[in-house]
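S.K.: Assemble the whole structure, with the sequences as input and the hints as a guide.
Chains A and B supply the protein sequences, listed in that same order. First residue of the first sequence? That's 1 in my numbering, and the numbers climb one at a time after it. First residue of the second sequence? That's 198 in my numbering, and the numbers climb one at a time after it.
Take these hints with a grain of salt, some might be off.
Only pairs whose alpha carbons sit at most 30 Å apart, straight line, appear in this in silico DSS-like list of lysine-lysine [claimed, not checked]:
| no. | chain 1 | residue 1 | chain 2 | residue 2 |
| --- | --- | --- | --- | --- |
| 1 | B | K389 | A | K148 |
| 2 | A | K31 | B | K302 |
| 3 | B | K438 | A | K126 |
| 4 | B | K291 | A | K185 |
| 5 | B | K234 | A | K27 |
| 6 | A | K17 | B | K234 |
| 7 | B | K234 | A | K193 |
| 8 | B | K234 | A | K95 |
| 9 | A | K31 | B | K315 |
| 10 | A | K110 | B | K353 |
| 11 | A | K17 | B | K265 |
| 12 | A | K128 | B | K265 |
| 13 | A | K66 | A | K97 |
| 14 | A | K74 | A | K170 |
| 15 | A | K103 | B | K315 |
| 16 | B | K438 | A | K137 |
| 17 | B | K291 | A | K59 |
| 18 | A | K97 | A | K27 |
| 19 | A | K95 | B | K265 |
| 20 | B | K265 | A | K31 |
| 21 | B | K389 | A | K112 |
| 22 | B | K315 | A | K148 |
| 23 | A | K185 | B | K302 |
| 24 | B | K315 | A | K97 |
| 25 | A | K58 | A | K112 |
| 26 | B | K291 | A | K97 |
| 27 | A | K17 | B | K315 |
| 28 | A | K193 | A | K137 |
| 29 | A | K54 | B | K302 |
| 30 | B | K315 | A | K54 |
| 31 | A | K185 | B | K234 |
| 32 | A | K193 | B | K265 |
| 33 | B | K389 | A | K110 |
| 34 | B | K438 | A | K112 |
| 35 | A | K54 | B | K291 |
| 36 | A | K74 | B | K291 |
| 37 | B | K234 | A | K137 |
Quick caveat, the hints were computed from the structure, so don't treat them as lab data. None of the values given here were measured: they were computed from a predicted structure.
Each chain is listed here by its residues.
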Amino acid sequence: MIVIVNYDMGNLRSVEKALNHLNLENKISDKKSDIENSSGIILPGVGSFEQGMKNLNKKGLTHLLKNEVLLKKKPFLGICLGMQLIMEIGFEPRKNKGLGWIKGEVIPIKNKVLPVPHLGWNNIYKTKESISDTIDKNFYFIHSYHVKPNEKLEMMYTDYEYPMVASIRKENIFATQFHPEKSQKAGLDLIRKFFNE
Amino acid sequence: MLKLRIIPVLTFNGFSLVKTKQFKNPRTIGNPIQAAKIFNRRNVDELIFIDIEATRQKRKINLGLVSKIIDECYMPITIGGGVSSFEDIDNLLKIGADKVLIKSKAIEDPTFISESVKYFGSQCISIAVDAYKKNNSFYIYQISGEDISLNSFILKMNDVCAGEFAVNYVDNDGMMNGFEIGLYKEIMNMTKKPIIAIGGAGEPNHFVELITNGFFGGIAASSIYNFTQYTPNDIKLALNKNNTLTRL
Chain A
1 MIVIVNYDMG NLRSVEKALN HLNLENKISD KKSDIENSSG IILPGVGSFE QGMKNLNKKG
61 LTHLLKNEVL LKKKPFLGIC LGMQLIMEIG FEPRKNKGLG WIKGEVIPIK NKVLPVPHLG
121 WNNIYKTKES ISDTIDKNFY FIHSYHVKPN EKLEMMYTDY EYPMVASIRK ENIFATQFHP
181 EKSQKAGLDL IRKFFNE
Chain B
198 MLKLRIIPVL TFNGFSLVKT KQFKNPRTIG NPIQAAKIFN RRNVDELIFI DIEATRQKRK
258 INLGLVSKII DECYMPITIG GGVSSFEDID NLLKIGADKV LIKSKAIEDP TFISESVKYF
318 GSQCISIAVD AYKKNNSFYI YQISGEDISL NSFILKMNDV CAGEFAVNYV DNDGMMNGFE
378 IGLYKEIMNM TKKPIIAIGG AGEPNHFVEL ITNGFFGGIA ASSIYNFTQY TPNDIKLALN
438 KNNTLTRL
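M.R.: Quick look at the structure:
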């Protein structure tokens, strides 16, 4: 059973709906026993980095999640804010410590021309240098901050005036800035593939 | 590259889907759950659902119904109608709304928007702007009937960090006579935030016209999908042919 972590940061229902659609057994929960007995963990989330960390701390989830993901190596999917929170430091709205599973920061999008937030459907690319290496699918993005990892990782990028990290992969950890649960078939396929690995 | 978004709008009166003309004469057009199901199958970029009578009739949006609509959608969905408290926003986000659309409360109390943005994040707080023209200037249409200048309202919403503007031109609502291009040009000069243009779409060429005048963001419409043969995909194909990237 996959646990969708409930830390009062919105949009859990969309993730639950996507997993049900894919016939992946799941439960929205913040209970220690559920998380300990889970086969995989999803940390979704909409909202600010600061509020997200506050809620995780308040619910006593930071240590528990670290145990399950870093020690027990359970498949972990972080979505949007759930991706950002696994970094060391965030700046929304001011400097805060994150879960720190991946080295690096979460910084504001600094665009000169295009609007912020980065909102809508965009492609993802396998390399930063060449946009010819496109995954020919669009995913739904909605964010004003993006992660800037500071370690060697498997990464995908999206292009919004400059290349931004769209997803990261490190062993059992997969995290996306875009919302696979909101990206129609392309997104649903991605969730299915990750949890069926 | 980011794609231009093509967004069907569902307007609801508390009983069924309706389509108005210039915000008047609502004509019944069907069942919202059925409509959501069809638009999901048509793989649209996003959907907007608004209960256009909630504020006037002083009632809350029907969460049970909205939840059923959202359950049909595997794409982003924005919900509006009578949203005026933290609880309203929280209730909608909890059942899977991606954004909430706020109008009357934003006009009455801009601080409510800044507080909401602080708690829920700006990405889910969209402002509905219903504009009309008087003596060659744009104003905001609202229930009290008082003229509010478009300019000062947009700047105020910028200050309180609203996430997006959904801008409807009342005079063209349901008229299928094209978009009021001047309105969108004016707003784009005032804000860098994402904009959704609504009001007047009657044929694919109207979308192309708006884009060739420098608009980028989302384009929403209702009548064209109800009263003509065109689907959202037809619009996207027409735009793609015109060198505007859409998600096909």
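S.K.: Which numbered hints are broken by the structure, listed smallest first?
M.R.: 2, 8, 12, 19, 23 and 25
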